Amino acid sequence: EAQVTQNPRYLITVTGKKLTVTCSQNMNHEYMSWYRQDPGLGLRQIYYSMNVEVTDKGDVPEGYKVSRKEKRNFPLILESPSPNQTSLYFCASSLQANTEAFFGQGTRLTVV
Amino acid sequence: EDQVTQSPEALRLQEGESSSLNCSYTVSGLRGLFWYRQDPGKGPEFLFTLYSAGEEKEKERLKATLTKKESFLHITAPKPEDSATYLCAVHYYSGNTPLVFGKGTRLSVIA
Chain E
123 EAQVTQNPRY LITVTGKKLT VTCSQNMNHE YMSWYRQDPG LGLRQIYYSM
173 NVEVTDKGDV PEGYKVSRKE KRNFPLILES PSPNQTSLYF CASSLQANTE
223 AFFGQGTRLT VV
Chain B
112 EDQVTQSPEA LRLQEGESSS LNCSYTVSGL RGLFWYRQDP GKGPEFLFTL
162 YSAGEEKEKE RLKATLTKKE SFLHITAPKP EDSATYLCAV HYYSGNTPLV
212 FGKGTRLSVI A
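Quick note, the sequences are listed as chains E and B, same order.
Counted the way the numbering used here counts, the first sequence spans residues 123 to 234.
Counted the way the numbering used here counts, the second sequence spans residues 112 to 222.
Calculated directly from the structure, the hints in this document are not laboratory data.
Please read all numbers here as calculations on a predicted model, not as lab measurements.
Hints are supplied without guarantee of correctness; some may be wrong.
[To be verified] Derived lysine-lysine pairs resembling DSSO-like cross-links, with alpha carbons at most 27 angstroms apart:
#1 E:K179 x B:K214
#2 E:K140 x B:K153
#3 B:K153 x E:K187
#4 E:K193 x B:K153
Isolated chain E (complex conformation) (with noise of 0.2 angstroms):
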C-alpha cells in the first residue's frame, strides 16, 4: 500500500529537549516535505527537500532542520523546541514538486 508514515503521532515534550519526528514513504517520490498546521494559519511549509541531499527553507523553517540521506526518508529535527513550535506537523511526498501530494497521518506535538 502506498503511504507515508509519520512517528510518533503524538509527542510530549520539555522546551529545549532536542527530538526528531522521523518520515518514511514508500513510493520512490523524489520530492517531501514537512508542514505544521496551527488554527487560523493553515497549513505552512517548513523544509522541503527536491531530492537526496538537496534540501531548502519554505515559509516557516527557523528552529527545525532536515536531512535527506535516503530517498525514503525525511526527519524533521527540533534541535531545542519551545512552546511556540507546539503544532500538528505533516509529512508529504510527491512525484514532483507540481503533483499529486501524499500525506502523513500527522504528528501532535506539545511542548511545555
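Based on the hints, put chain B in the right spot on chain E.
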C-alpha cells in the same frame, strides 16, 4: 497579503443543496493548483490538480474549475459524508518552489 484566499471560511448546507467553494490566488507563474480534503485529525487527501485556465476535473459530486485568478470547487447534491475541510494550494515559479495553502473552507452537510 495572503497569496491564496479561500471563501467562505465555513459553509453549512442541507443535504442535496449544491454550492461552490472559492479559491483565489495572487501569485504569478502558476505551475499547479490543488484541491485537498481534510477530515479532523487526519492528513489532507488529494482531490484534484489543475494546471491551466479553462481546465475542469470531476470526481463523484465534486467538480473543480480554474480561471486565471481563481478556482471553484462545485459540490452537487452533497451528502453528510462530504463534510470536511477543503483546502486549496498553489505551486508557482519562484526561487524556492514553495507550495502555498489557503486556510480552508469548513463544510458541514446536514441530513
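Tested hints:
no.	hint	in the structure
1	E:K179 x B:K214	holds (21 angstroms)
2	E:K140 x B:K153	holds (25 angstroms)
3	B:K153 x E:K187	holds (24 angstroms)
4	E:K193 x B:K153	holds (24 angstroms)
Hint violations for this structure: none, all hints satisfied.
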